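Asker: Given chain W, put chain B in place with the hints provided.
There are 2 protein chains.
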Amino acid sequence: MDLNTDLVQELLGALPHEGGVLTDPDLLQSYEHDEADLVPYGTPAVVVRPRTTGQVSAVLRAATRHRIPVIPQGARSGLAGGANAIEGAIVLSLTGMNEIIDIDAANRIAVVQPGVVNAQLRRAVAAEGLYYPPDPGSWEQSTIGGNVSTDAGGMCCVKYGVTSDHVIGLEVVLASGEVLNCGRRTAKGVAGYDLTSLFVGSEGTLGVITEITVKLRPAPEPALTLVAVFDTLAAAGAAVSAVVSSGMQPSMLEVIDRVTLTAIEAYRPMDLPTAAAALLVAAVDSGGRAPDDLARIAAMCRSAQASDVYVASDEAEADSLLAARRLAHPALEHFAAQLFPGGGGIMVDDVAVPRTRLVELIEGIEFISAEHGVVVATVGHAGDGNLHPIIVIDRSDPVNLAQGQKVFDAIMSLGLSLGGTSTGEHGVGLLKRDWLAREIGPTGLKAHRSIKTALDPDNILNPGKVF
Amino acid sequence: MDLNTDLVQELLGALPHEGGVLTDPDLLQSYEHDEADLVPYGTPAVVVRPRTTGQVSAVLRAATRHRIPVIPQGARSGLAGGANAIEGAIVLSLTGMNEIIDIDAANRIAVVQPGVVNAQLRRAVAAEGLYYPPDPGSWEQSTIGGNVSTDAGGMCCVKYGVTSDHVIGLEVVLASGEVLNCGRRTAKGVAGYDLTSLFVGSEGTLGVITEITVKLRPAPEPALTLVAVFDTLAAAGAAVSAVVSSGMQPSMLEVIDRVTLTAIEAYRPMDLPTAAAALLVAAVDSGGRAPDDLARIAAMCRSAQASDVYVASDEAEADSLLAARRLAHPALEHFAAQLFPGGGGIMVDDVAVPRTRLVELIEGIEFISAEHGVVVATVGHAGDGNLHPIIVIDRSDPVNLAQGQKVFDAIMSLGLSLGGTSTGEHGVGLLKRDWLAREIGPTGLKAHRSIKTALDPDNILNPGKVF
Numbered sequence: 001m002d003l004n005t006d007l008v009q010e011l012l013g014a015l016p017h018e019g020g021v022l023t024d025p026d027l028l029q030s031y032e033h034d035e036a037d038l039v040p041y042g043t044p045a046v047v048v049r050p051r052t053t054g055q056v057s058a059v060l061r062a063a064t065r066h067r068i069p070v071i072p073q074g075a076r077s078g079l080a081g082g083a084n085a086i087e088g089a090i091v092l093s094l095t096g097m098n099e100i101i102d103i104d105a106a107n108r109i110a111v112v113q114p115g116v117v118n119a120q121l122r123r124a125v126a127a128e129g130l131y132y133p134p135d136p137g138s139w140e141q142s143t144i145g146g147n148v149s150t151d152a153g154g155m156c157c158v159k160y161g162v163t164s165d166h167v168i169g170l171e172v173v174l175a176s177g178e179v180l181n182c183g184r185r186t187a188k189g190v191a192g193y194d195l196t197s198l199f200v201g202s203e204g205t206l207g208v209i210t211e212i213t214v215k216l217r218p219a220p221e222p223a224l225t226l227v228a229v230f231d232t233l234a235a236a237g238a239a240v241s242a243v244v245s246s247g248m249q250p251s252m253l254e255v256i257d258r259v260t261l262t263a264i265e266a267y268r269p270m271d272l273p274t275a276a277a278a279l280l281v282a283a284v285d286s287g288g289r290a291p292d293d294l295a296r297i298a299a300m301c302r303s304a305q306a307s308d309v310y311v312a313s314d315e316a317e318a319d320s321l322l323a324a325r326r327l328a329h330p331a332l333e334h335f336a337a338q339l340f341p342g343g344g345g346i347m348v349d350d351v352a353v354p355r356t357r358l359v360e361l362i363e364g365i366e367f368i369s370a371e372h373g374v375v376v377a378t379v380g381h382a383g384d385g386n387l388h389p390i391i392v393i394d395r396s397d398p399v400n401l402a403q404g405q406k407v408f409d410a411i412m413s414l415g416l417s418l419g420g421t422s423t424g425e426h427g428v429g430l431l432k433r434d435w436l437a438r439e440i441g442p443t444g445l446k447a448h449r450s451i452k453t454a455l456d457p458d459n460i461l462n463p464g465k466v467f
Numbered sequence: 001m002d003l004n005t006d007l008v009q010e011l012l013g014a015l016p017h018e019g020g021v022l023t024d025p026d027l028l029q030s031y032e033h034d035e036a037d038l039v040p041y042g043t044p045a046v047v048v049r050p051r052t053t054g055q056v057s058a059v060l061r062a063a064t065r066h067r068i069p070v071i072p073q074g075a076r077s078g079l080a081g082g083a084n085a086i087e088g089a090i091v092l093s094l095t096g097m098n099e100i101i102d103i104d105a106a107n108r109i110a111v112v113q114p115g116v117v118n119a120q121l122r123r124a125v126a127a128e129g130l131y132y133p134p135d136p137g138s139w140e141q142s143t144i145g146g147n148v149s150t151d152a153g154g155m156c157c158v159k160y161g162v163t164s165d166h167v168i169g170l171e172v173v174l175a176s177g178e179v180l181n182c183g184r185r186t187a188k189g190v191a192g193y194d195l196t197s198l199f200v201g202s203e204g205t206l207g208v209i210t211e212i213t214v215k216l217r218p219a220p221e222p223a224l225t226l227v228a229v230f231d232t233l234a235a236a237g238a239a240v241s242a243v244v245s246s247g248m249q250p251s252m253l254e255v256i257d258r259v260t261l262t263a264i265e266a267y268r269p270m271d272l273p274t275a276a277a278a279l280l281v282a283a284v285d286s287g288g289r290a291p292d293d294l295a296r297i298a299a300m301c302r303s304a305q306a307s308d309v310y311v312a313s314d315e316a317e318a319d320s321l322l323a324a325r326r327l328a329h330p331a332l333e334h335f336a337a338q339l340f341p342g343g344g345g346i347m348v349d350d351v352a353v354p355r356t357r358l359v360e361l362i363e364g365i366e367f368i369s370a371e372h373g374v375v376v377a378t379v380g381h382a383g384d385g386n387l388h389p390i391i392v393i394d395r396s397d398p399v400n401l402a403q404g405q406k407v408f409d410a411i412m413s414l415g416l417s418l419g420g421t422s423t424g425e426h427g428v429g430l431l432k433r434d435w436l437a438r439e440i441g442p443t444g445l446k447a448h449r450s451i452k453t454a455l456d457p458d459n460i461l462n463p464g465k466v467f
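From first to last, the protein sequence lines stand for chains W and B.
Taking this note's numbering, the leading residue of the first sequence gets 1, the next gets one more, and so forth.
Taking this note's numbering, the leading residue of the second sequence gets 1, the next gets one more, and so forth.
One chain only, chain W, in its complex shape (with noise of 0.2 Å):
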């Protein structure tokens, strides 16, 4: 507690500024976890909201003084627990540093603080006639700094690429208070290691990120959009790796299952095709060739037996079948609530393969699912193989979580088997860190380890997170 008393003060002391220290153990609480479920997490002993890098060095130095582990936070919307609190830590929410610095129209550059949220951004950036692409799912409200440490995805990457695609250049303090800048301005730059990389994606345990330089596009030509409806998941498989073997560039590639169909039918009702078992809902933004390279996707959706190719007449209408997916997990937690109402929940699961083997994955979930007789909703980023099964479970029965356990373990098996990742834009947080080690086996774990070292000795900055 002494400890704890003098630690405050001297936090209290960098962060003079109203609602820069939190300790009230209310506050305390809604800072605990991200929305990853059935992942462990503790009560921190003080959150800091620093306005400042200078603020930040200070609390990193105070943390390595004391060896108390510092866990960096954003919008907490995180889905694997990277962000969750350990019993005891400080919390370093960066929400409160959310500036954009600068727009630098002619350069297309924008530099911006952590906290800034993601709509934040793509909004200031549309009004220049630019665009920043990485769109997960939480695009309203999770922050870049978090896009940045868990290097997320989202649906435009078929085309566009993941955030660390866009990342050129860091300012980060490191667990010693010092202040690194990595990167750069320019186009091009190969000037000693490639540090920027490696702190995307490290989710807070190589350092905090507290300036981000991203680069911009243009603004994409407006998108053509259309949805195939099939009678099989694997026939809507099928579809998306003719349409990924083309070589055609759709700027969107997304499935739906039947499941996730009926829940967001059901949470907010637009007259989905509940009765098929998956809809592909595809975009293109090749300008002038748009029309052309629509037309060859509702073409190879009709060769592989959809039932219906509904092209969207306008952007509204395309947005509002956006707007559907982006609903598959409020509406998957309605859902679940519904079904178990003594304690639904979903566990989100995000898995990629070789886009060549997404039915074999697409058949294995539903194989899976139907073993083990949990209900499991399979939504996701077809298009780059990249899958999100979301797993149906009842928190309050021990035999149905064990079940659930068992298909998110069966379901990262078969993705790895299929020559895939265990993740493929969520992170590892807490939720994965077995399946990473895993994949990238013990002379990964090692390597790993001694970069983690190397950056971060005393091993305060999120520790216990990744591996």
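One should not assume that every hint holds.
Stated by the list, open to error - Simulated pairs of lysine-lysine, DSBU-like, Cα-Cα distance not exceeding 35 Å: (1) B:K406 - W:K159; (2) B:K452 - W:K406; (3) B:K159 - W:K159; (4) W:K215 - B:K159; (5) B:K406 - W:K215; (6) B:K159 - W:K406.
Derived from the structure by calculation, the hints contain no laboratory data.
Keep in mind that this is a model prediction, so the values were computed, not measured.
Answerer: Below, chain B alone, put in the same frame as chain W:
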């Protein structure tokens, strides 16, 4: 000597094939250095040419046991001395590991050994309708392993990015001899630290790359090409700024100055407009939109006072323009030899600035050249803000050499002052160690050192390079 005899015996045991271990002094000499001028090198004690990853492991285990430095080498076409041998070291030449292991057309990836030549990979994937964009000037000689180690660029980068934008997985032999697999074969994947990006561009200081997985693109549409002729370099720079600020995505945007034009014309006469201050060569591969895009670029060049704009009538003509651009290095070497028969040579520099600062960089280089009375030819990837000022020197004249070094330093200093980086694509090697230190500062250097020590605790891998 005993130590070396022991070592050689051990290496012969591990690499028993013909030519696996070279100790003939004449042969050793030919492995001493890459193509950088005026940087130090030594004679290796032994050159090993492994054929398998297991043999690379054996070499590194032996080197670690004997505490002898290992210098990985590809085609030695690098321009920063990164592959230069150290006296008494083991040179590890990877040109014998030159197999294309897999081209997976449906998933658009290729898996190759490091000794595969860039052009060999490009042609192999082109046969499948695919495209591997990175195209360094040395593409007919340089290896993918070397390209990855230096994060090589080329003329494609303005649209398609550098080597690191295309590498998704690596097999790396660590200093301990352990084999690390990092990255993935999937379109997306964020499992653990991005070790792949850490090794890309690390110039052989962190591990020996023995297998590379790259992503491929669909074959691009045929390019349309134009040449614009300018009376001042600044006018050419203004045209570049207009094009890059417009949001268009040319597939090439190169500048060639008068000195370079004159040198190329003297080396291989092709009616280049040697009275011009600069040529811009621009290409677009945007399919149906390409003629419009090219017309817009032409209009921008005319607005920037181009004295002539010439559209290539077909791909053959465009190819001959590119061939001229690719002759810059040998032509300038020839020019230097004629200018200074006693010891003419060139120092190839590489500096990148934010694209909007290009005119300032170009004008600054002209000023520096005039101020020091040293001929500087400027050629490069204007669309990326990445120039290669080529300093023409007389190796036999210490005064001229000293002036050349001053010009080199002044250009580096100018680049950094414009918010640029000391190397856009050639790497640091030995040539730019001091400039890297200046660019990344003491905290950056410390982070580099700690990572180097974590992965190579005995400092046997290409010691002394980069920092």
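Asker: Against each hint, give a clear statement of whether it holds in the structure.
Answerer: Hint check results:
In summary, the hint linking K406 of chain B to K159 of chain W is not supported, as the alpha carbons are separated by about 45 Å, beyond the 35 Å threshold. Distance check on the hinted pair: K452 of chain B and K406 of chain W sit about 40 Å apart at the alpha-carbon level, beyond 35 Å; violated. A hinted pair counts as satisfied when its Cα atoms are at most 35 Å apart, and K159 of chain B with K159 of chain W qualifies at roughly 14 Å. Between K215 of chain W and K159 of chain B the alpha-carbon distance is near 13 Å, which keeps this suggested pair within the 35 Å criterion.
Note on K406 of chain B and K215 of chain W: the hinted pairing holds, with a Cα-Cα distance of about 34 Å set against a maximum of 35 Å. Simply put, K159 of chain B and K406 of chain W have alpha-carbon atoms about 45 Å apart, too far for the 35 Å limit, and the pair is violated.
Hints 1, 2 and 6 from the earlier list are contradicted by this structure; the remaining hints agree with it.
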